[in-house]
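Student: Going down the list, the protein sequences come from chains R and H.
Heads up, the first sequence is in the working numbering, so the first residue is 8 and it goes up one at a time.
Heads up, the second sequence is in the working numbering, so the first residue is 251 and it goes up one at a time.
If you're looking for bench data, these hints aren't it; they were derived computationally from the structure.
Since we're looking at a predicted model, the values are computed, not measured.
One or more of the hints may lead you astray.
Computed far set for chain R versus chain H, every beta-carbon distance over 10 angstroms [unchecked claim]:
1. K18
2. F27
3. L35
4. P194
Restraint ranges, calculated between C-beta atoms of paired labels, are given here [stated by the list, open to error]:
5. R:V268 - H:I529: 53 to 59 angstroms
6. R:M8 - H:A379: 47 to 53 angstroms
7. H:Q282 - R:G190: 31 to 37 angstroms
8. R:G260 - H:G410: 41 to 47 angstroms
Partner residues aside, some chain R positions facing chain H, computed with beta carbon under 10 angstroms [claimed, not checked]:
9. L11
10. E15
11. R68
12. E93
13. W99
14. H101
15. V103
16. G107
17. T156
18. S243
19. A244
20. V268
21. R271
22. D273
23. G275
For each residue, glycine too, the CB sits at the ideal point set by N, CA and C.
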Amino acid sequence: MNHLIAAEWLKQSRQRALLFWGFAAVPLFVTLVAFALETVTPGALHSQLGVGLHPIRSAMRAVGIAGNPMAQLFFAVGAAAIFGVEYRHSAWRHVVPRAGRTPLVAAKFGVFALLALGSLLLAAGGDLLASLLPALARGIPVADAPPATLWHLACAFLVSLLELLTLGGAVALMAVLTRSTLGAILPPFLLSFLAAGAQALYLPSGDQLARIPLPSFAADAVRTWIWAQPEEPGASAGAAAFATFVLIAWAAGTFAAAALVFNRQDLGAE
Amino acid sequence: MGAVEIAGISKRFGRGAAAVDALCGLSLSVPQGGVYGLVGPNGAGKSTLLRIVAGLVSADEGSVRLFGHPASSSLRRRLGVFIEAPTFYPFLTGAELLTVLGRTSGVTPEPARLLTRVGLEAAGNRRIAGYSLGMKQRLAIAAALVGEPDMLVLDEPTNGLDPEGISDMRRLVRDLADKEGLTILVSSHLLDEVERMCDRVAILSHGRLAAEGAVADLLGEDARLWLDATPPEAVLARLGERAAAVDGGVAVAIARDEAPALLASLAQDGVSIFEARWIRRDLETVFFSETRRVEP
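Please model the complete structure; the sequences and the hints are all you need to start from.
Tutor: This is the structure we're talking about:
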């Protein structure tokens, strides 16, 4: 499997423009916004409000960008670049006889997961640097009240990664079904946009949200639970667990469906 | 044991009234070693058959065996495949493509050796987007050779090449079969090339096998003795249905060992013979006569 991931990695590393827009643009945006906010906000405001800089909470907010529909559009572009490249260039004919079908899709999913992981790390790291350095330079106190630990950050990070994996799985499935890069991007993006709109309009509470088995609702439910810790250790723990299960089921289900359809697909003309 | 054994393969594309039968119960066996040609008119099923062998398309009925075993993903790793147009990832260089394919096959990539093998060593670090069609065809052969395959499956490898390119490709294919012992299954619509390049040929028509055999046997059948003789009427009258006027002379359907006696007898009868030579059918003649016999 490693050799397939290495092959996929080399191939994708040469699609630089698509990879930039897919996996680097969002963290870059997050970093720039953090930097702008920190340099524009007067240091005195921090003192007046009695708030210090909370680097961990700031990083948690940064990785939460994975739940933003516009950010998901960019990630979907990156995913489509990975899962749609063989259809776009009629290139399945070169690789399918060499490795079989399921391992090839699995390698693509692996590369997408690595790039999504890297993108979230960049977002968190960029946010930390962009907010911490100017704040320290201006003498703004660094504090974490209410307390947030690396465990909270790790949980927020994992939820965002899971949400991106569901997006990757959905894009993979659509790429196989439509045999098109554009066709792979639009349905998952519209779904996440509709979900965000519905959430904004109907404003369900955390528990209600968690019961809706859609990835964006599930991710938001888990995030709500993480942000409520540790003051409310029992808050919505069951709902958060169910929501986590929903995310895992979506990621695994869409990937399995993509692999299944691809295995049965005639490549008479990619 | 054949390198490829195809038994009763059928494949239909589309549904209802728009359905097209690409292959109809086709069976054939490709022996190990040598170059095996597939010829047939457009829509005869050549590319579909090669895609089924390569595992890109599944058959509705029938079976494919590779190297004596039912075709599987692991057996297909012993194939080098070049199907139809040489499409690649245009953002990669030639060397990068071969590295990607080597890693995909789980072997140590050797792009420099393969690029040299097909005469592309100077272009290895250029993006494929800038390659000419001939360069892409040669790169496709190099790609098919990645992983030291036992057999090459080549679909129209001479498409779009100039005469020199066609000649180079023919030489390369023959070398791979003769010097490196590869089995090569190749389709082409250039009958003259197939005649020169292949040891055996299958002629497909409407998804069925119209004729199959060693090229020499297919062309050697019905070989005729052509005579530039005066008066030709005397030869035609004497041999009846066995003779026909062809190209200003007379073509006689006769066994090779009967020829000396016939020539002596004609000379004795006062017929002047200025030239006598054997004429064979070419593959084009065989192709047209065999494909017309298969009903759609």
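Student: So, for every hint listed, does it hold in this structure?
Tutor: How the hints compare with the structure:
1. K18: violated (5 angstroms)
2. F27: Check passes; 13 angstroms lies beyond 10 angstroms.
3. L35: holds (22 angstroms)
4. P194: It holds; P194 (chain R) is separated from chain H by about 25 angstroms at its closest Cβ, greater than 10 angstroms.
5. R:V268 - H:I529: 53 to 59 angstroms: Holds - the Cβ-Cβ distance for V268 (chain R) and I529 (chain H), about 56 angstroms, lies within 53 to 59 angstroms.
6. R:M8 - H:A379: 47 to 53 angstroms: This hint is violated: roughly 30 angstroms between Cβ atoms.
7. H:Q282 - R:G190: 31 to 37 angstroms: Violated, at about 43 angstroms.
8. R:G260 - H:G410: 41 to 47 angstroms: At roughly 44 angstroms between Cβ atoms, G410 (chain H) and G260 (chain R) fall inside 41 to 47 angstroms, so the hint holds.
9. L11: holds (6 angstroms)
10. E15: Status holds, d = 8 angstroms.
11. R68: It is violated, given that the least Cβ distance between R68 (chain R) and chain H is near 35 angstroms, above 10 angstroms.
12. E93: holds (9 angstroms)
13. W99: holds (7 angstroms)
14. H101: holds (6 angstroms)
15. V103: holds (6 angstroms)
16. G107: Holds, because the Cβ-Cβ distance from G107 (chain R) to chain H comes to roughly 4 angstroms (cut-off 10 angstroms).
17. T156: Since the shortest Cβ distance to chain H is 41 angstroms, the answer is violated.
18. S243: Violated: closest Cβ of chain H sits about 46 angstroms from S243 (chain R), beyond 10 angstroms.
19. A244: Violated - the Cβ of A244 (chain R) stays beyond 10 angstroms from chain H, reaching only about 45 angstroms at its closest.
20. V268: violated (13 angstroms)
21. R271: holds (8 angstroms)
22. D273: Since chain H brings a Cβ to about 5 angstroms from D273 (chain R), closer than 10 angstroms, the hint holds.
23. G275: Holds. Min distance 5 angstroms.
Checked against the numbered hints above, the structure breaks hints 1, 6, 7, 11, 17, 18, 19, 20 and satisfies the rest.
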